[in-house]
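Trainee: Listed here are the chains, written in short residue letters.
2 protein chains.
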Amino acid sequence: MSEPLDFYFEFYSPYGYMASLRIDEIAERHGRQVNWKPFMLGATFKITGHKSLIDTPMMAEYTKNDLQRCARLQGVAFHFPDEFPKASLNCARAYYALVDDQPDQARALAKANYHAIFGLGQDGTKIELIAALAEDLGIDGQFIKDAVQTLEIKARLKQETQAAIDRGVFGAPFIFVDDQPFWGNDRLDQVNHWLETGGW
Amino acid sequence: MSEPLDFYFEFYSPYGYMASLRIDEIAERHGRQVNWKPFMLGATFKITGHKSLIDTPMMAEYTKNDLQRCARLQGVAFHFPDEFPKASLNCARAYYALVDDQPDQARALAKANYHAIFGLGQDGTKIELIAALAEDLGIDGQFIKDAVQTLEIKARLKQETQAAIDRGVFGAPFIFVDDQPFWGNDRLDQVNHWLETGGW
Chain L
36 MSEPLDFYFE FYSPYGYMAS LRIDEIAERH GRQVNWKPFM LGATFKITGH
86 KSLIDTPMMA EYTKNDLQRC ARLQGVAFHF PDEFPKASLN CARAYYALVD
136 DQPDQARALA KANYHAIFGL GQDGTKIELI AALAEDLGID GQFIKDAVQT
186 LEIKARLKQE TQAAIDRGVF GAPFIFVDDQ PFWGNDRLDQ VNHWLETGGW
Chain Y
36 MSEPLDFYFE FYSPYGYMAS LRIDEIAERH GRQVNWKPFM LGATFKITGH
86 KSLIDTPMMA EYTKNDLQRC ARLQGVAFHF PDEFPKASLN CARAYYALVD
136 DQPDQARALA KANYHAIFGL GQDGTKIELI AALAEDLGID GQFIKDAVQT
186 LEIKARLKQE TQAAIDRGVF GAPFIFVDDQ PFWGNDRLDQ VNHWLETGGW
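Heads up: the sequence lines are chains L and Y, in that order.
According to our numbering, the first sequence is numbered sequentially starting from 36.
According to our numbering, the second sequence is numbered sequentially starting from 36.
No lab work stands behind these hints, which were simulated from the structure alone.
Just so we're clear, the structure is a prediction, and the values are computed from it rather than from any experiment.
There may be inaccurate statements among the hints.
Repeated chains share a single entry, so a pair holds when one copy, or any two copies, can fit it.
[Unchecked claim] Straight-line Cα separation of at most 27 angstroms, DSS-like style, residue types lysine-lysine; simulated pairs:
(1) Lys86 / Lys99
(2) Lys189 / Lys81
(3) Lys81 / Lys193
(4) Lys86 / Lys121
(5) Lys81 / Lys99
(6) Lys99 / Lys146
Pulled out of the complex, with its shape left as it was, chain L reads as follows (with noise of 0.2 angstroms):
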C-alpha cells in the first residue's frame, strides 16, 4: 500500500464539501487511503489576503450559481446555508477530539457534519447538533461536548493548522498525492490521473 493522501478541508468551505464526497472513493480505487484533515481556512486567508467567495465583491452570485450547477452536474444535493460563512471551530475540534483512538468514527462525524451543513443547509457549527450526529453514530456526545471545551483539543486544532500553513495548504479544499500539491474541487480529476498515471 502506497502513502495515504493528505485531504485538507475547511468545514464551511462549499467546494471542500463536494471534494469530500469523491476523494475516498478515488483513492480507493488506487489502492489508496486518505487522512482527513480539517484546519481554519480563515488562518490562510490573513496570509493571502482573501475572503470568502461570498464576501468578495462581485464573486458571491457567480459562486452561488457554480456551486448548484457543479452540484447538479455531480449528481449530489446541495443547500447554501442561511448564515455564511461561520467559525468551524467545534466541527474541526470534535474531529480532532476522535481521530487518534476512532479515526473511522471521526471520518463518519466529519461527512455527517458536512453533510448537515452544505446537504441539508443547517447551522453545522452548533455543538448540539453535532454531539447529535456523533450521537446517531453511537458516538458519545457528551465526550464530544466536553472534549471541544479542552486546552488540549483547541491546541490540536491551532497546531494543525499551522501545519497545513507551513506545507504550503493556502485553500480548500487541498489535496497532497505524495507531496503533490492540488487545490480545489476542479483538481479531483487531475488528482485521479495523477494516481492512475503515476505523475505526468
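Take the given structure of chain L and dock chain Y to it, following the hints.
Mentor: Frame of chain L, contents of chain Y only:
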C-alpha cells in the same frame, strides 16, 4: 447558428492563454462562434481586492507548478515569462484597433501575441514585438503602432473593460454561453458539456 460565445480574457493571464488554445475548437464542435474580448484584469482586481496569483502570498510556487502541470496535460508549450505580470494595454489595444474591420486578423494577432508571451516567454507588451507579429500576419505594423496611441483606441479598451465588469466579469478567462457565466480554464469542460446538453 446560435449565438456566439463571449470569451473574456487578459493577455497576461496564463490560464487565459491555456483556454485560448481550446475555446474556438470547443465552440466549433457545437456550431458556435466565439467573440474574443480582451479586457484589463487589473481593473477587476481593484474591485475584488485580488492580486495576480504570483503576487499573492503563498500562491506563487503552487501556481507555477500547476500551470506547468496543466500545460503538460493539455500538451501545449508553456513558458512562464521572466517579468510577470505586466500591463497588457498594448496587446489589448492592438486587438481592438483591428477587430471591427479585420476580425480574423485581430484574432490571429491575439493568438500570436499570447503565444509570444506564454508559449515563448517573451515580453509581449512591447509594441515593436506586437508590430512585428502583425507584419508576419500581413497586417501593417505601423498602423498598429499608431493605433494603440490614439485616444479612440484607448477609450475603446476602457469601455470594453467597463462593459465586462458591468456584465459581472471578475476574473480571466471568463466565458458566457447564452448568458451562462463560466470562470476559469478549469471550467472549459463544463462549457463543452453545456453546449452539448443545452445546460443541466
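Trainee: Now, for every hint given, state plainly whether the structure supports it.
Mentor: Status of each hint after checking the structure:
1. Taking CA atoms no more than 27 angstroms apart as the test, Lys86 paired with Lys99 passes in both settings, with 15 angstroms inside one copy and 22 angstroms between copies.
2. Taking the shortest alpha-carbon separations for Lys189 and Lys81, only the intra-copy value of 19 angstroms comes in at or below 27 angstroms, while the best inter-copy value is 37 angstroms.
3. When the C-alpha separation of Lys81 and Lys193 is checked against a cutoff of 27 angstroms, the pair qualifies only within one copy, where the shortest distance is 14 angstroms, while the shortest distance between copies is 33 angstroms.
4. Taking CA atoms no more than 27 angstroms apart as the test, Lys86 paired with Lys121 passes in both settings, with 12 angstroms inside one copy and 25 angstroms between copies.
5. Taking the shortest Cα distances, Lys81 and Lys99 sit within 27 angstroms of each other both inside one copy (23 angstroms) and across copies (22 angstroms).
6. For a Cα distance limit of 27 angstroms, the shortest separation of Lys99 from Lys146 inside one copy, 22 angstroms, qualifies, whereas the shortest one across copies, 33 angstroms, does not.
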